[in-house]
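Trainee: Residue numbers (this note's numbering), protein chains in the order written: chain A, 1 to 174; chain B, 1 to 257.
Derived from the structure by calculation, the hints contain no laboratory data. All values reported here derive from a predicted model rather than from experimental measurement. Don't take every hint at face value.
Said to hold, decoys possible - In silico DMTMM-like links for lysine to aspartate or glutamate, alpha-carbon gap of 25 Å or less: (1) K138/A with D121/A; (2) K138/A with D18/A; (3) K138/A with D52/B; (4) K147/B with D162/B; (5) K138/A with E122/A; (6) K192/B with D234/B; (7) K138/A with E242/B; (8) K192/B with D162/B; (9) K192/B with D151/B; (10) K147/B with E242/B; (11) K138/A with E27/B; (12) K192/B with D142/B; (13) K138/A with D25/B; (14) K147/B with E121/B; (15) K192/B with D25/B; (16) K147/B with E122/A; (17) K138/A with D55/A; (18) K192/B with E121/B; (19) K192/B with E238/B; (20) K138/A with D15/B; (21) K138/A with D24/B; (22) K147/B with D133/B; (23) K138/A with D56/A; (24) K138/A with D19/B.
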Amino acid sequence: MEASQLGRFEAAVLPHLDAAYTLARYLMRDRHDAEDAVQDAVLRALRHFGGFRGDDGRTWLLAIVRNACHTMLHRRGRDARATEFDEEVHSEAVDTEDPEAALLRGAAQESVHHAVDRLPDEFREVIVLRELQGLSYKEISVVAGVPIGTVMSRLARARQRLQRVLGPDLEEIR
Amino acid sequence: MTCLDCTARLDAYLDQELDVVQRDDLERHLETCLECQLRHERYRALSSALRDQLPTYTAPDLLRARIDGAMRAVRTERTGTQVRRWRWTAIAASLLFVLATGYAALGIQRPASPQAAMAHEVLTSHVRSLMPDHLTDVASTDQHNVKPWFDGRLDYSPPVYDLAAQGFPLVGGRLDYVGGRPVAALVYQRRKHVINLFVWPTAQANGGTPEVTQQGYHLLHWTRGGMTYWAASDLNGEELREFARLEQQMDSVAASR
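With these hints in hand, go ahead and build the complete structure from the sequences.
Mentor: Next comes the structure, spelled out in structure tokens:
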């Protein structure tokens, strides 16, 4: 790969590493798996960068990260993983935050995060992409590889579930 | 705008995905409807709770170092290999919203029974599907295109029939969510009227429940051969019953083969 192209890659993709890692954390529900998925995705992105014509490096990278995560999850089988996330996820949830601020947020955060973690993969990813990363429906449809209509119905259903689970807590959280 | 239209568009409103006309319509409705105001408040509370409380993560230094190392390796490689093209799985998205008209104005009743709750969910899905870009995920009048499209997207295979000869042409299919599960939505048309046929497996015995009429929409529900069906449309009751009868007839023909 030419040095100039490598520079272009670094400028287009590397600024979105945190967003990529955040998405991977929510999809893999494990710190180490998320790191592996992101590394795998960045290398894959590098290999395919010659075909990258757009100007939206974030959406492009997130789509590759999302696919890398799904491939890893698929390879391992979902069932075994579904039960192990509980303890780990919640002790890890605050690891990049100031401990005091995390304490103050307390149980409310725990329940919101927990509720999102218990969503099926296809619901969890649209929630993270929309609420946490602020992607438009069109961008989400590119990242998740589904039509915009499907993005809309998944978002609606995901929020209905969260409303049901969190309903009573939402007043206190606000 | 009715409460049903408002509810179906509330997500898109909060996500700032409505066009100006629809946004104004919805805001006018919110000003006059306490129930929708409260619903809007609940939606907004959820959104801000998610934004405030969900942690975001910083890529760990070790990960950055691993990526840097890989980049350095590539930099020294200087290979001349042809890089394969990344194909965007982009969907051409036209967010041209059209004004849906002709809905009867009526308040939303709170569902009383599981059956009524299901009817309400089906109805909401039907109305939501009428929003632009949402009707079909696979647009085809050919049942042999629509049926295989669901392979791998659902853990069952919905029966798909072509009723064009009988005046109900197939328009396409869509993945939707009803009753907390992904379901097949088959889209048919009668003149300008859209019919959504939701199909999913059930353990219930064959049978049907009385027709539901709500807010200008008709809903028909029946169970046959381990599949449960909900047909929703603003078509008149008589023609929708005709559609249901044809579907069941096709089912019998298929079963006797």
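Trainee: Next step is simple, just say for each hint if it's right about the structure.
Mentor: Hints versus structure:
Among the hinted pairs, K138/A with D121/A is consistent with the structure: their alpha-carbon atoms are about 19 Å apart, no more than 25 Å. For the hint pairing K138/A with D18/A, the CA-to-CA distance comes to about 21 Å; that is within 25 Å, so the pair holds. Note on K138/A and D52/B: the hinted pairing holds, with a Cα-Cα distance of about 24 Å set against a maximum of 25 Å. For the hint pairing K147/B with D162/B, the CA-to-CA distance comes to about 11 Å; that is within 25 Å, so the pair holds.
Of the pairs offered as hints, the one joining K138/A and E122/A holds, with about 16 Å between alpha carbons and a cut-off of 25 Å not exceeded. Of the pairs offered as hints, the one joining K192/B and D234/B holds, with about 10 Å between alpha carbons and a cut-off of 25 Å not exceeded. Restraint check: the Cα-Cα separation between K138/A and E242/B comes to about 38 Å, which exceeds 25 Å; the hinted pair is violated. Taking the CA atoms of K192/B and D162/B, the gap is near 18 Å; set against the 25 Å cutoff, the hint holds.
For the suggested pair K192/B and D151/B, the alpha carbons sit about 29 Å apart, so the restraint of at most 25 Å is broken. The straight-line distance between the Cα atoms of K147/B and E242/B is roughly 22 Å, inside the 25 Å bound, and the hint therefore holds. Proximity of K138/A to E27/B is assessed by CA-CA distance (about 24 Å); at most 25 Å being required, the pair is judged to hold. Between K192/B and D142/B the alpha-carbon distance is near 19 Å, which keeps this suggested pair within the 25 Å criterion.
The suggested pairing of K138/A with D25/B holds, with an alpha-carbon distance near 23 Å, which does not exceed 25 Å. Between K147/B and E121/B the CA atoms are separated by roughly 24 Å; this keeps the pair inside 25 Å, and the hint holds. At most 25 Å may separate the alpha-carbon atoms for a hinted pair to count; K192/B and D25/B meet this at roughly 23 Å. Taking the CA atoms of K147/B and E122/A, the gap is about 22 Å. The hint holds against a cut of 25 Å.
Between the alpha carbons of K138/A and D55/A the distance comes to roughly 15 Å, so the proposed pair stays at or under 25 Å and holds. At roughly 23 Å between alpha-carbon atoms, K192/B and E121/B fall within 25 Å of each other, so this suggested pair holds. Annotation: proposed proximity of K192/B to E238/B holds, straight-line Cα distance about 16 Å (limit 25 Å). The suggested pairing of K138/A with D15/B holds, with an alpha-carbon distance near 12 Å, which does not exceed 25 Å.
As the CA atoms of K138/A and D24/B are separated by approximately 22 Å, the hinted pair is consistent with the 25 Å bound. Taken as a hint, the K147/B and D133/B pair is honoured in the structure, with Cα atoms around 20 Å apart against an allowance of 25 Å. The hinted pair formed by K138/A and D56/A meets the criterion: a straight-line CA distance of about 12 Å does not exceed 25 Å. Taking the CA atoms of K138/A and D19/B, the gap is about 14 Å. The hint holds against a cut of 25 Å.
The structure shown violates the earlier hints numbered 7 and 9.
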